[in-house]
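A.B. asks: What follows is the residue order along each chain.
2 protein chains.
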Amino acid sequence: MRILHTADWHIGKRLAGQSLLDDQAFALDQIVSYIKNNSVDVVVIAGDIYDRVNPSQGAMNLVNTYLKRINLDLKVPIVMISGNHDGKVFLDGNSEWFKATQLYVNTDLSKCYEKLTIGITNFYLLPYIEVTEARVFYKDKSITTFEAAYERILEDIKNEMNHDETNVLVGHLFVKHAKESESEEKMSVGLVEEVSQSLFTDFDYTLLGHLHHPFAITHDTIHYSGSPLKYSFDEAKQPKGFKVIDISANTHEFIPLEGKHEVIEYHGSYKSVVEDKVDVGPRDAYYKFVLTDMESATEPMATLKKLYPNTLVLSRQMDVADYDMNTIDVSEQSDTEIFESFIKKFKDRKPTEFENETFNQTMKEVIHETN
Amino acid sequence: MRILHTADWHIGKRLAGQSLLDDQAFALDQIVSYIKNNSVDVVVIAGDIYDRVNPSQGAMNLVNTYLKRINLDLKVPIVMISGNHDGKVFLDGNSEWFKATQLYVNTDLSKCYEKLTIGITNFYLLPYIEVTEARVFYKDKSITTFEAAYERILEDIKNEMNHDETNVLVGHLFVKHAKESESEEKMSVGLVEEVSQSLFTDFDYTLLGHLHHPFAITHDTIHYSGSPLKYSFDEAKQPKGFKVIDISANTHEFIPLEGKHEVIEYHGSYKSVVEDKVDVGPRDAYYKFVLTDMESATEPMATLKKLYPNTLVLSRQMDVADYDMNTIDVSEQSDTEIFESFIKKFKDRKPTEFENETFNQTMKEVIHETN
Chain A
1 MRILHTADWH IGKRLAGQSL LDDQAFALDQ IVSYIKNNSV DVVVIAGDIY DRVNPSQGAM
61 NLVNTYLKRI NLDLKVPIVM ISGNHDGKVF LDGNSEWFKA TQLYVNTDLS KCYEKLTIGI
121 TNFYLLPYIE VTEARVFYKD KSITTFEAAY ERILEDIKNE MNHDETNVLV GHLFVKHAKE
181 SESEEKMSVG LVEEVSQSLF TDFDYTLLGH LHHPFAITHD TIHYSGSPLK YSFDEAKQPK
241 GFKVIDISAN THEFIPLEGK HEVIEYHGSY KSVVEDKVDV GPRDAYYKFV LTDMESATEP
301 MATLKKLYPN TLVLSRQMDV ADYDMNTIDV SEQSDTEIFE SFIKKFKDRK PTEFENETFN
361 QTMKEVIHET N
Chain B
1 MRILHTADWH IGKRLAGQSL LDDQAFALDQ IVSYIKNNSV DVVVIAGDIY DRVNPSQGAM
61 NLVNTYLKRI NLDLKVPIVM ISGNHDGKVF LDGNSEWFKA TQLYVNTDLS KCYEKLTIGI
121 TNFYLLPYIE VTEARVFYKD KSITTFEAAY ERILEDIKNE MNHDETNVLV GHLFVKHAKE
181 SESEEKMSVG LVEEVSQSLF TDFDYTLLGH LHHPFAITHD TIHYSGSPLK YSFDEAKQPK
241 GFKVIDISAN THEFIPLEGK HEVIEYHGSY KSVVEDKVDV GPRDAYYKFV LTDMESATEP
301 MATLKKLYPN TLVLSRQMDV ADYDMNTIDV SEQSDTEIFE SFIKKFKDRK PTEFENETFN
361 QTMKEVIHET N
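Chains as they are written, first to last, in full-length UniProt numbering: chain A, 1 to 371; chain B, 1 to 371.
Among the hints, a few may not be true.
If chains are identical, the list can't say which one is meant, so a pair holds when it fits in one copy or spans any two.
Said to hold, decoys possible - 35 Å max Cα-Cα, derived DSBU-like pairs, lysine-lysine:
| id | residue 1 | residue 2 |
| --- | --- | --- |
| 1 | Lys111 | Lys260 |
| 2 | Lys68 | Lys237 |
| 3 | Lys68 | Lys139 |
| 4 | Lys350 | Lys237 |
| 5 | Lys271 | Lys158 |
| 6 | Lys36 | Lys115 |
| 7 | Lys139 | Lys260 |
| 8 | Lys344 | Lys75 |
| 9 | Lys260 | Lys306 |
| 10 | Lys345 | Lys141 |
| 11 | Lys99 | Lys115 |
| 12 | Lys350 | Lys88 |
| 13 | Lys111 | Lys99 |
| 14 | Lys345 | Lys364 |
It should be emphasised that the hints constitute simulated quantities derived from the structure, not laboratory data.
So here's chain A without its partners, still in its complex pose (with noise of 0.2 Å):
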């Protein structure tokens, strides 16, 4: 029993304006040749489809393409649930119909314990909820947190589940880091959009949408797909791709997908760039430049977009070169320390009365809080 797990379509989103269709279309084509080529079971996509609540003609069109190819040509069941960026109805309007050739959807927080078996496995969709949305089925005002909404509905499909036999849970939500949560820094004050792990321990599988890196948490039981391709340059780095679940042999793998095109964001010299001395990447990627030394630059676009028709954004650097900040030691500093260097850095003067107060009274309020 091998399961394709993918997630994160977001179909008819644009990065930087730029119409992603066809790079959709070119990834969901090698999901379509993996699925001809291989052991598939079931394909479960774990929301978020499309990118939009009310999508476009084109982008419905393509959705409906690969779900065809995949349920309709290939025979594959699918399996799946709706994530925060889909629009119920666009997703399951037909569910009635998509039954017949086992093509599931859910949508709703009512049908999530509803048990659906295929094979010899037992799948739970549990769509993307709201709190309030909780908060109203249960009728229950404790339910204030994303955690509090999923204990609750978690429990109640535990309680109905079959231990004995293969339970896998389809979700959409933002799963707690188990480093962040034992031995870093927390960097925010916490999302409250997160939800522990241990919610999970009674499934055999979890697997999810929501966060576009398919490693966004290493278990072995829970799993983030990953999106199929790269939605903005701060996932430029991010592996994208799909993974495969065996339930029978107890493994998961991660499969990689080509982008049709790169997406490159590249630091560095205007000069350099436009004078081509700089190997930045193939001439068809997606770039976002931040570039220095542009001062002189006219119509600096064009120019980039001769050399990389597919430049998307241009940012200018400001010169750095004296800029020391990351060699001072701030663990060493008090905040009111920290905070006068950086008036020092950017104002080269200290900070006024009215700046220390104000200063003084967040940090306040800050520390009140998250206490």
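Assemble chain B onto chain A, guided by the hints.
C.D. replies: Relative to the frame of chain A, chain B by itself:
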């Protein structure tokens, strides 16, 4: 073999800003009741299921709900085509899945030749087409009118069809009104969209959508079903419903539908309406008021809505008590005399030289163009 023929649902359409989703559900409920309580072998929906190329989620929900009731719950085959208001992918994106339960959708010109047999009847599903579509499809530059386009399409269908069987064409187009072309003086130069009745003589029945009046044409074998509800104040006095064609008995009947709200255009005196002295209709009807003596009215819309909460349009009617233009027999006047009396009436003076010149020049151009 009884066919229920409906069209022009225009789900999502608004009447002067008022959502009609509830009204549309009310009408469709009656169609579902009819199907439950009478013998219906197939439902034909002849285009304009939606009102917009990109329907809202609410509109899609409504359409899906009623297609499910008819096709999945009552298990009655449905045959439908796209009209000029429909987005193709919203209508037939999932048509491959629909076929399994005899829900047949066609939005493609290239597929109108495919014979679809249900019971003793062959259906040919001809979606709404643009002239340019036909020109490109046939690679024939001589196709410059709807008439030429439909002539070509129907010739091809007729060549392929078995004339000994029962053949029904489902279309979304504007058939020329027999009376107009024979006896009546044409009011307009003729719409380029119009298509001759004679093109359809080989079909046992031609079931159409596009015109909202169920008797836009009176013909034994060519039928408009009309829209299920009133979609403008111009349609206020039109009967609304659907048709039932009995193929074996060779009969057709019109089944009226009740509106959830009446649609009324009322002309009269503002004072008598707001003083509640006249019977204008039910309190909850959708109203367009065209009223006189509104000169001293303050907040007339709010005042009207207190009595008739669904007042959607209010316009002022000029006082026409002394307007005796109708008593002049213009057929005995020259164009220049008519123009002079018009200026006299509204400006109380003779036309200026410039006005006369402009009028004469324009008339010359009109006469030149119509000859």
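A.B. asks: Does each hint hold? Answer for all of them.
C.D. replies: Hints, verified against the model:
no., hint, result
1, Lys111 / Lys260, "between (38 Å within a copy, 33 Å between copies)"
2, Lys68 / Lys237, "within (32 Å within a copy, 46 Å between copies)"
3, Lys68 / Lys139, "between (39 Å within a copy, 30 Å between copies)"
4, Lys350 / Lys237, "neither (40 Å within a copy, 80 Å between copies)"
5, Lys271 / Lys158, "neither (61 Å within a copy, 69 Å between copies)"
6, Lys36 / Lys115, "both (28 Å within a copy, 33 Å between copies)"
7, Lys139 / Lys260, "between (48 Å within a copy, 34 Å between copies)"
8, Lys344 / Lys75, "neither (66 Å within a copy, 77 Å between copies)"
9, Lys260 / Lys306, "within (20 Å within a copy, 62 Å between copies)"
10, Lys345 / Lys141, "neither (49 Å within a copy, 72 Å between copies)"
11, Lys99 / Lys115, "both (14 Å within a copy, 27 Å between copies)"
12, Lys350 / Lys88, "neither (55 Å within a copy, 65 Å between copies)"
13, Lys111 / Lys99, "both (14 Å within a copy, 26 Å between copies)"
14, Lys345 / Lys364, "within (24 Å within a copy, 80 Å between copies)"
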